[in-house]
Amino acid sequence: MVSIDIETEDGQKEALRRMMLIRSFDDTAGTLFADGEIPGFVHLYIGEEGVGVGACAALEPDDYITSTHRGHGHCIAKGLEPQSMMAELYGKRDGYCNGKGGSMHIADVDAGMLGANGIVGAGPPLATGAALSAAQKDEDRVALAFFGDGAVAQGQVHEAINLAATWDLPAIFLVENNQFGEGTPVEKQHNLENLSETAEAYDIPGFTIDGMDITAVYEAVQEARERARNGDGPTFIEADTYRFRGHFEGDQQPYREDDDIQEWQSRCPIDSFASRLVDAGVMTDDEVESLRAEVDEEIAAAAEYAQNADEPDPTEAYDDMYAVSVPELTMFAGRSVRADGGSPTNTDQ
Amino acid sequence: MSTTSQTQNLTLVQAVRDGLYTEMSADEDVIVMGEDVGKNGGVFRATEGLWEEFGDDRVIDTPLAESGIVGTAVGMAAYGLKPVPEMQFSGFMYPAFDQIVSHVARLRNRSRGRFTCPMVIRAPYGGGIRAPEHHSESKEAFYAHEAGLKVVIPSTPHDTKGLLISAIRDPDPVIFLEPKLIYRAFRGDVPEAEYTVPIGEAVTRREGSDVSVFTYGAMSRPTMEAAEELAEEGVDCEVIDLRTISPLDRDAIISSFKKTGRAVVVNEAPKTGSIAAEITAIVQEEALLYQEAPVKRVSGFDVPYPLYALEDYYLPNAARIKEGIMETVEF
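These protein sequences, in sequence, are chains A and B.
Read left to right, the first sequence gives residues 1 to 349 (full-length UniProt numbering).
Read left to right, the second sequence gives residues 1 to 331 (full-length UniProt numbering).
In case anyone wonders, no lab produced these hints; they're calculated from the structure.
Hints are supplied without guarantee of correctness; some may be wrong.
Said to hold, decoys possible - Pairs of lysine to aspartate or glutamate, EDC-like flavour, derived with a Cα cap of 20 Å:
| id | chain 1 | residue 1 | chain 2 | residue 2 |
| --- | --- | --- | --- | --- |
| 1 | B | Lys82 | B | Asp29 |
| 2 | B | Lys271 | A | Glu257 |
| 3 | B | Lys39 | A | Asp260 |
| 4 | B | Lys271 | A | Glu316 |
| 5 | B | Lys271 | A | Asp320 |
| 6 | B | Lys139 | A | Glu257 |
| 7 | A | Lys13 | A | Glu294 |
| 8 | B | Lys258 | B | Asp302 |
| 9 | A | Lys188 | A | Glu257 |
| 10 | B | Lys82 | B | Glu28 |
| 11 | B | Lys39 | A | Glu304 |
| 12 | B | Lys39 | A | Glu187 |
| 13 | A | Lys188 | A | Asp260 |
| 14 | A | Lys188 | B | Glu201 |
| 15 | B | Lys139 | B | Asp302 |
| 16 | A | Lys13 | A | Asp286 |
| 17 | B | Lys259 | B | Asp302 |
| 18 | B | Lys271 | A | Asp319 |
| 19 | B | Lys39 | A | Glu328 |
| 20 | B | Lys39 | A | Asp251 |
As the list claims (entries may be wrong) - Computed footprint of chain B on chain A; a stretch qualifies when at least three of its residues, placed anywhere within it, have a C-beta under 8 Å from a C-beta of chain B:
| id | stretch |
| --- | --- |
| 21 | 39 to 45 |
| 22 | 90 to 100 |
| 23 | 125 to 132 |
| 24 | 214 to 221 |
| 25 | 265 to 275 |
Unchecked claim - For the chain A half of the interface with chain B, some residues (derived, Cβ under 8 Å), not all of them:
| id | residue |
| --- | --- |
| 26 | Leu114 |
| 27 | Gly150 |
| 28 | Leu163 |
| 29 | Gly250 |
| 30 | Glu311 |
| 31 | Ala323 |
| 32 | Val324 |
The structure presented is a predicted model; accordingly, all values stated were derived computationally and were not measured.
Beta carbons: idealized from backbone N, C-alpha and C, even for Gly.
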């Protein structure tokens with residue numbers, strides 16, 4: 001049973017809502033980051049919503065995904081709650097990782113979300129392992145790895161695909177080709193016309209699809225999932241898409257032209273899907289707009305929640321290092337806070 | 001060190017760029033390579049303008065492939081080029097760790113000197129920028145633990161340029177870690193001309209007689225702040241900026257310790273197994289009878305580098321450094 005059946009009208013509306021939720025979440029995260037509210041770095045998924053939502057809709061709720069540094073969209077597509085995600089971006093205790101992971105490391109065991117990942121190309125090996133686990137335990141689960149075009153240059157990505165292909169594992173390798181690996185165009189990083197040709201080297205099916213079209217992504221992943229659960233091994237899918245924002249917020253983007261951005265923006269996955277639903281009589285324009293307003297309200301509430309949430313206690317830095325703590329950590333934790341609430345003391349460190 | 005009357009007032013990251021520019025101008029075998037180092041000028045702008053000046057062949061934009069970048073640099077170095085690969089963050093170096101340990105460090109010894117591997121692997125390191133884990137950690141001890149590598153960590157614009165030029169000219173591989181917290185924190189006078197600062201030589205930033213405080217990188221500033229504050233309270237600290245952590249300047253460490261009999265090491269790495277432990281061992285081995293107090297380590301803790309809410313508790317600051325020094329002085 002797919003997570004969102006976009007053959008039905010309810011499913012179509014839900015898919016649209018999810019994409020809008022991602023857009024609104026990342027728009028808000030970008031603004032909050034610019035205002036100095038969110039620490040560290042944020043990498044926005046704006047423009048690529050059709051890939052995340054289309055793929056996760058076609059997966060079953062129990063399936064696994066791995067994500068990237070640009071992972072907010074994958075999280076929402078897989079059903080994670082914006083409120084706890086926003087708290088995580090703020091480094092707050094109520095975040096998915098108790099404020100320890102931040103934007104680039106959101107994970108949720110219950111949702112089958114093995115984690116966003118600050119290291120380019122680090123997700124696919126984990127997906128191969130999750131798929132091996134599902135196969136060994138004879139579970140009807142597949143593992144889908146989202147990764148970028150930049151990651152296709154990383155050795156560990158190829159090691160992961162080779163293992164999954166050789167062992168016929170229920171894995172799906174989904175490249176989001178957003179045309180740039182950080183600040184360098186894809187054609188300057190790869191010798192292939194289509195990255196899906198990579199599949200030939202591993203003798204698995206490979207397809208390049210329109211990542212701006214949620215339906216195309218949904219269908220491709222649904223077929224790949226079918227193959228995986230039938231024991232026919234992994235599939236390599238390249239979804240052509242575009243990053244509307246910089247590699248990271250604050251990126252000056254000297255590497256691309258305004259015309260290119262505008263051309264891709266005219267193919268916005270949310271607007272194009274919304275107009276198709278309006279044309280088909282599934283929704284009216286007014287309904288689309290009120291859905292957008294509803295989503296914006298939900299995200300604004302999530303941001304407010306995160307702003308007001310509690311920060312972790314300093315001693316929590318030492319939690320969850322080992323199942324059973326070690327003497328050094330117990331010692332650090334016991335002495336990590338000064339009586340006056342300032343920085344930790346050195347006494348008997 | 002050569003000197004010149006012409007100086008510029010540069011930030012630390014500008015001094016990196018100036019050092020690269022100077023050596024690339026002087027030696028056409030010097031090649032800068034890495035992720036977004038060309039047209040984009042590097043994520044921290046350390047290579048700004050080099051691509052325009054030296055072109056595609058000398059400033060190479062690579063795919064995102066750290067293992068491939070460093071592995072390729074090994075072959076380049078073995079056959080006559082002087083690669084200066086940039087790792088975008090030191091936390092992104094681990095895919096290249098195999099190449100660094102298995103080949104960069106060992107090629108000379110393994111080939112009994114027939115091959116050498118002169119390269120400089122540059123990477124921004126360290127915390128204080130509100131990002132967790134890979135983007136902020138200090139894992140210099142990994143590289144100091146591997147014989148065959150030199151590990152350099154400057155703390156001023158002047159030293160940055162001089163040490164970088166030394167590193168590029170060095171016949172052996174150098175891991176050059178740049179404290180990104182102070183990339184733009186202040187400016188300093190940097191000669192326009194070429195000059196070198198020797199690798200393996202510490203510098204005394206403040207002479208004192210009560211206690212020796214050893215530090216490096218971004219921790220040099222809060223350490224100096226602590227020392228100046230303590231001077232007003234009647235404690236005379238000697239502050240030694242190590243500048244190179246492999247090979248360590250053992251003479252400087254031992255002679256300062258023999259003078260004061262007390263030592264504090266300040267760094268932001270996790271405490272266990274860090275370079276502070278090595279300095280502690282050196283003074284124990286070489287100057288035990290001069291010792292007046294236990295060696296104090298003011299450091300990070302044994303956890304992954306935390307996100308911002310906990311960062312202030314993790315990173316040593318002047319107050320913590322002062323406390324560590326006083327504990328040693330009052331022992």
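Hint by hint, here is what the structure shows:
Simply put, Lys82(B) and Asp29(B) have alpha-carbon atoms about 6 Å apart, close enough for the 20 Å limit, and the pair holds. With a CA separation close to 47 Å, the supplied pair Lys271(B) and Glu257(A) exceeds the 20 Å bound. With a C-alpha separation of about 18 Å, the suggested pairing of Lys39(B) with Asp260(A) holds against the 20 Å cut-off. With a CA separation close to 18 Å, the supplied pair Lys271(B) and Glu316(A) stays within the 20 Å bound.
Proposed proximity of Lys271(B) and Asp320(A) is supported: the alpha carbons are some 18 Å apart, at most 20 Å. For the hint pairing Lys139(B) with Glu257(A), the CA-to-CA distance comes to about 38 Å; that exceeds 20 Å, so the pair is violated. For the hint linking Lys13(A) to Glu294(A), the alpha-carbon distance of about 13 Å falls within 20 Å, and the restraint holds. For the proposed pair Lys258(B) and Asp302(B), the alpha carbon gap of about 30 Å is over 20 Å, so the pair is violated.
For the hint pairing Lys188(A) with Glu257(A), the CA-to-CA distance comes to about 16 Å; that is within 20 Å, so the pair holds. For the hint pairing Lys82(B) with Glu28(B), the CA-to-CA distance comes to about 9 Å; that is within 20 Å, so the pair holds. Of the supplied pair hints, the one linking Lys39(B) and Glu304(A) is violated, its CA atoms being roughly 39 Å apart against a limit of 20 Å. Only pairs whose Cα atoms come within 20 Å are accepted, and Lys39(B) paired with Glu187(A) is accepted, the gap being roughly 15 Å.
Our distance criterion of 20 Å between C-alpha atoms is met by Lys188(A) and Asp260(A), whose separation comes to about 17 Å. Under the criterion of a C-alpha separation no larger than 20 Å, the hint pairing Lys188(A) with Glu201(B) is inconsistent with the structure, at around 41 Å. Taking the CA atoms of Lys139(B) and Asp302(B), the gap is about 12 Å. The hint holds against a cut of 20 Å. Our distance criterion of 20 Å between C-alpha atoms is met by Lys13(A) and Asp286(A), whose separation comes to about 13 Å.
Annotation: proposed proximity of Lys259(B) to Asp302(B) is violated, straight-line Cα distance about 32 Å (limit 20 Å). Of the supplied pair hints, the one linking Lys271(B) and Asp319(A) holds, its CA atoms being roughly 17 Å apart against a limit of 20 Å. Distance hint between Lys39(B) and Glu328(A) is unfulfilled; the C-alpha atoms sit about 46 Å from each other, more than 20 Å. Of the pairs offered as hints, the one joining Lys39(B) and Asp251(A) holds, with about 13 Å between alpha carbons and a cut-off of 20 Å not exceeded.
Counting residues of the stretch 39 to 45 of chain A whose CB falls under 8 Å from any CB of chain B gives 3; the rule of at least 3 is met. Here's how the stretch 90 to 100 of chain A fares: 4 of its residues keep a CB closer than 8 Å to some CB of chain B, so the rule of at least three is met and the hint holds. For the stretch 125 to 132 of chain A, the stated coverage by chain B is violated: 0 residues have a C-beta nearer than 8 Å to a C-beta of that chain, whereas at least 3 were required. For the stretch 214 to 221 of chain A, the stated coverage by chain B is violated: 0 residues have a C-beta nearer than 8 Å to a C-beta of that chain, whereas at least 3 were required.
With 0 residues having a beta carbon nearer than 8 Å to a beta carbon of chain B, the stretch 265 to 275 of chain A misses the requirement of three or more and the stated coverage is violated. With a least beta-carbon distance of about 16 Å to chain B, the hint placing Leu114(A) at the interface is violated under the 8 Å criterion. Interface hint at Gly150(A): satisfied, since its Cβ lies 4 Å from the closest Cβ of chain B, which is below the 8 Å cut-off. For Leu163(A), the interface hint is violated, the least distance from its beta-carbon to any beta-carbon of chain B being 17 Å, above 8 Å.
This hint is violated: Gly250(A) has a C-beta 10 Å from the nearest C-beta of chain B, more than the 8 Å allowed. The beta carbon of Glu311(A) is positioned within 8 Å of a beta carbon in chain B (closest approach about 4 Å), and the interface hint is therefore held. For Ala323(A), the interface hint is violated, the least distance from its beta-carbon to any beta-carbon of chain B being 15 Å, above 8 Å. Contact between Val324(A) and chain B, as hinted, is not supported at the beta carbon level, the nearest pair being about 15 Å apart and thus beyond 8 Å.
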